[in-house]
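Chain by chain, the residues:
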Amino acid sequence: MTSEHHARRTGWRSLRPWRGGQPRSRGRRRLGRAFRLVAALALAGGVYTVFAPGVSSAQPLSQDAQDGQALYAVNCASCHGPNAQGVTNRGPSLIGVGSAAVEFQVTTGRMPATRQEAQIEEKPPQLSDEQARKIGQYIQELGGGPQLPEGNDLAATGEDAIAQGGELFRINCASCHGNAGRGGALSSGKFAPSISGISQRQIYAAMLTGPQNMPVFGDNQLTPDQKREIIAYLENLKHDKDPGGWNIGRVGPVSEGLAIFLVGMVALVFTALWIAGKS
Amino acid sequence: MKRRTPELRALPAESLGALDDRLHSASPLRKILNKVFPDHWSFLLGELALWAFIILLLTGTFLTFFFDPSMEEVRYNGSYTPLRGVSMSRAYETSLNISFDVRGGLVIRQMHHWAALLFMAAIIVHMLRVFFTGAFRKPRELNWIVGLLLFWVGFLEGFCGYSLPDDGLSGTGLRIASAIMLSIPVVGSWLTTAIFGGEFPGTEIIPRLYIVHVLLVPALLVALISVHLALMVLQKHTQWPGPGRTNDNVVGERAYPRYATKMAGFFMIVFAVVAIMGGLFQINPIWLFGPYKAAAVSSASQPDWYVLFLEGSTRLFPNWEIRVADHTVPAIFWPAVVLPGILTVLPMLYPFLEARFTKDRASHHLLQRPRDVPTRTGLGAMAVSFYVVLTLSGGNDVIADKFHISLNATTWAGRIGLIVVPPLAYYVAHRICLGLQQHDREVLAHGIETGVIRRLPDGRFIEVHQPLGPVDEHGHGQLEYTGWAVPKKMNRVGALGPAIKGFFFPIEKPPQAPVSPAPQLPAESERREVEARR
Amino acid sequence: MSTGTRPPGPVLREQVDRPEVDIDDPRLTRFDLVKEGARRDGVDIVQYEPRFPAPGTRAERRAERSIALLFLLAFLSAAAFFAIYIWWPWRYDPGSNLSKLYTPLLGLTLGLSLAPIGFGIIAYAKKLLPMEVAVEHRHVGGSPPADRKLTGALLASIADETAIQRRPLIKGALATSLLGIGVVATVPLIGGLIKNPHKMAGQPEGLGDVLMHTGFDPAYNNGKPVRLVHEDGTPIRPSDVSVGGQITVFPGIPDGATNKFADSPTLLIHLRTSDAETLRRNLAHVPINEGVMWGDYVAYSKICTHAGCPASLYEQQTNRLLCPCHQSQFQITDNARPIFGPATRRLPALPLDVDAEGFFIAKSDFKVPVGPGFWERP
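If you're matching them up, the sequences are chains A, B and C in order. Counting from 1, one number per residue, gives the positions in the first sequence under my numbering. Counting from 1001, one number per residue, gives the positions in the second sequence under my numbering. Counting from 2001, one number per residue, gives the positions in the third sequence under my numbering.
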């Protein structure tokens, strides 16, 4: 796992000969990454053995998880069952979805859902971020699963990161969310939402857990660093003003075609009316 | 001024004289300056296209100084940091350089693109004007055909330009174009490899499209525009019917002094609108699209608006692939090759078909109001609605996303709409034309509604009508309809048509002005129009 | 402005049949000459009157002032354009919003330096130049019969004199030579462009038929099965794709991830167990797809069978794949059958396996040509 992870990173770098002159820092970073990975694996493994289903019932829940359990019972249990095992035709099992999924669904307001739909849409969140974190902790301790890293700033820094994030974004994400991240239509009324207005944690969580119809981009598929690079690109996209004037929605030639008729042709036809008018 | 020496004052005359000694140009020059242009705003639409074309030539020339149509693989190291280190073609790199490393390059690039959209939009609107007013009739069928060719050549020019930057969107467009070429029976694969210099995308297509875009097609456009204008000068303008206007004259202003001056002003304003749009509205932000990669695509990948109708037809066409004895005719062949073929030939034949069905072999120089030819107007409405449904379907994913409609539903709406809407449009347009005709006749017979209600001695209420002319013993007007606007309001009486007209509202004439600028013409020409208004 | 350009009377009414004037008559004003010139060109100037018959009225001065003001405004905008062009920070700077205003300001000032000129010129023409109605006479129909007859005779004689009808020998020889010229003119052009799509040069042995093969053909890899790799060239283990995840994979050959192999991008999908079960049952319905799966993994060509766009909008719950170009939809769990839109054929499946080192390989190339259809497609 580790060696292959390195292989991919080096493979990436090897394509970039023009910036290959920093062996010391790269080596150090590699070392640090390997260390972090081992530590994370140890932690995850430890957490899993401690809280794995079947074992968990014997383990006491942490304080946060107990608070989360209370919130869960009020807000979630009616659809997902009292022990998150799921209810047929109402809500899926939450065992193993991880705190990342809970945090994404609750902080974007998708959960608690008002009703069953083809696609549950974003709405103002009903629970605070803190409450979401607690429910997530409960689900995590109940069944394990992917977790988000700490902190609100999950964007990689540096110009290289933005450029690499852009490459990853265009091949993995743009097909549904569009080049500018403004979303797009999917089959039969479903759609990929705009990702220009959501937080870095939510973007990270979405990649990690693949909510609803979005494919999962687990850490083995897009490494945490790559996820941070994508977030860095999206942050840049969000904050970098358009250099060419108003972007007319960044939806491409359709809005441009509309603009040439509504602005250009209208202005010039009125001019023609004035030119040919007698007064 | 006063101090000018006589020699200096005589200089222009002398040099003109010297020129005429050599060119014998006094008479043709005077003839050109004395050409009369009719005055109506709808005659300026074609000119709008011409000005857009000139702006395209100017801005396009600027862009060629910095663009390199090469598909050589390079690593970007320019100013736009979010793409630094990305491998891309030289064409895309230089397009980015125009946007970020050439001072003022972005505004010129955007002006070029907006001017292209404007060029095609003006062509379409001009074509609709020509169609709905019957200006294509004999003797102008040939110019109608030249105009249609101009649309298709402009379409080709636009598509080549859209493909040149080699960004994600243009590469996707080329991919579809290659699939369309591949779909042609028998020769498809040979044609595709010939054009692409091998398998898609190869390394030849951008350099080839470049020379097509900057030399071959512009030369063709210039040639066709020259023919278009030469025929217009030769055959003279059409004009609306009205006071003093007959089939054998043109009423308007001479080129000099007023008309040419106004045209120069119009060019400036068109240029200004393109400049303002090029500055304030971002168009084709290629830096967001990234370089073309065969594996990458964005949702809402669309062509420019004038290609959108073919995109729409391709989206709507059912999946009818034909297999004949180990050979394939792909479904895309029908909406993307056959349909454009039909759309090219059918309009070219229309003037002849109409003349055949109406048995009208005469030369026409007076325009028709759309209401007076309900069948043609209906057919036009049919064609327009067909085009609009296809164009909307070309953007149906954006519509579905923005208005929260099911994508599949928008496709079905387009499929059904394409069959249902055009006949409906025909019916509605036809009915509206007849209704308007009837109302014109009614006003001519009974006069204008004044809004004054009078009570008769027997207690009835009637509205007072103001007759437009002398009435017979029944109080009915004796005026005939002459193919021009009938006044429908009291304050339009005497200010008919374009004679005196404000920009938004009709304005009252100053009392000392002549009653009507209608010229007094010899009695032998058709005078009925004028008399009808008196 | 000399007095000569100002027309003498308020309204002039003319008739086209007026006798020709003696242009050497010293009493004629310059405008009389203008009219006479126009008349000889078939144009009657029936009305030509100054906007302001009494010069120097307040209204005229006001019009002059406002037009002059417009031209002045144009100059100021042009100066602003110049200043912005030179001094405004224009280099792309991700942090600065100032540089993002460069293009809008240029466009705006350019527009504002052009528009007032345009409005000024038109206002000048409309407000200050004399009102005019001119009537040009037009000839309806063709040329006079005499002209037609004479020209017709000439054309007929040309056709007759040069006609080779009477000289069949020359006719045949000429036709042959023209044919030769035509061939000489077209052959180099066409011949230079033509490339046989079924025997493309520069391809490895047996791969000349480029429309039939992709980079996953073992022949590109010296006969060994080709690995599936990321865009950066690293191979892929089964554990690299999460359940419900998909990645775009490329053939692990030199330049395999570039546009040189534009037909090769493939979507590797890790299905959820239940969906994988469904697909495994359905594989039997399409004989060539048997054995293409490896575990719960399946790989379908990313190139849409309709127009060649990457069909890559994967919905992991419904297992549909949507193409963003023309909205064809493919049901992954039913052998990538097209269920909506203009696509007719299934996406071809890439037969998957895992090599001794644990990396994904393609057992063989796609069994059918990928991408859009064409005439020779078997």
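Hints may contain errors.
Under the rule of at most 30 Å between Cα atoms (straight-line distance), these lysine-lysine pairs were calculated in the DSS-like manner [said to hold, decoys possible]:
#1 Lys2171(C) / Lys241(A)
#2 Lys1488(B) / Lys2127(C)
#3 Lys2199(C) / Lys1489(B)
#4 Lys1402(B) / Lys241(A)
#5 Lys123(A) / Lys1138(B)
#6 Lys1031(B) / Lys2100(C)
#7 Lys2224(C) / Lys2363(C)
#8 Lys2199(C) / Lys2363(C)
#9 Lys123(A) / Lys238(A)
#10 Lys2171(C) / Lys238(A)
#11 Lys2149(C) / Lys1236(B)
#12 Lys2171(C) / Lys1138(B)
#13 Lys238(A) / Lys1402(B)
#14 Lys2100(C) / Lys1402(B)
#15 Lys2127(C) / Lys2149(C)
#16 Lys1031(B) / Lys2363(C)
#17 Lys2100(C) / Lys1359(B)
#18 Lys1236(B) / Lys2127(C)
#19 Lys1236(B) / Lys1138(B)
Because the hints were derived from the structure by calculation, they are not lab data.
TODO: Could you grab the alpha-carbon distance between Lys2199(C) and Lys2363(C) and see if it respects the 30 Å cut-off?
DONE: With a Cα-Cα distance of about 25 Å, the restraint between Lys2199(C) and Lys2363(C) holds, given a limit of 30 Å.
Task: Restraint check for Lys2224(C) with Lys2363(C), where alpha carbons must lie at most 30 Å apart - done: Distance of about 9 Å is within 30 Å: holds.
Open item on the list: Next pair to validate is Lys123(A) with Lys238(A); report whether the Cα-Cα distance is within 30 Å.
Closed with: Since the Cα atoms of Lys123(A) and Lys238(A) sit roughly 21 Å apart, the hinted pair holds (cutoff 30 Å).
- [ ] Verify the proposed pairing of Lys1031(B) with Lys2100(C), using a straight-line Cα cut of 30 Å.
- [x] 52 Å, violated
Task: 30 Å limit on alpha-carbon distance, applied to hinted pair Lys1236(B) and Lys1138(B) - done: 13 Å, holds
TODO: Mind checking the alpha carbons of Lys1236(B) and Lys2127(C) for me, to see if they're no more than 30 Å apart?
DONE: 27 Å, holds
Open item on the list: Just to be careful, I want the Cα atoms of Lys2171(C) and Lys238(A) compared with a cutoff of 30 Å; is the pair within it?
Closed with: 75 Å, violated
Task: Hint consistency between Lys2199(C) and Lys1489(B) [alpha-carbon to alpha-carbon, up to 30 Å] - done: Answer violated: Lys2199(C) to Lys1489(B) is near 76 Å, above 30 Å.
Task: Distance restraint between Lys238(A) and Lys1402(B), which requires alpha-carbon spacing of 30 Å or less - done: Holds, at roughly 20 Å.
- [ ] Could you grab the alpha-carbon distance between Lys2100(C) and Lys1359(B) and see if it respects the 30 Å cut-off?
- [x] Judged against 30 Å, a Cα distance of about 62 Å means the pair is violated.
Task: Satisfaction of hint between Lys2127(C) and Lys1488(B), Cα-Cα up to 30 Å - done: 29 Å, holds
Open item on the list: For a C-alpha distance cap of 30 Å, please report whether Lys2100(C) and Lys1402(B) respect it.
Closed with: Distance ~27 Å between Lys2100(C) and Lys1402(B) Cα, so the pair holds.
Of the numbered hints listed earlier, those contradicted by the structure are 1, 3, 5, 6, 10, 12, 15, 16, 17.
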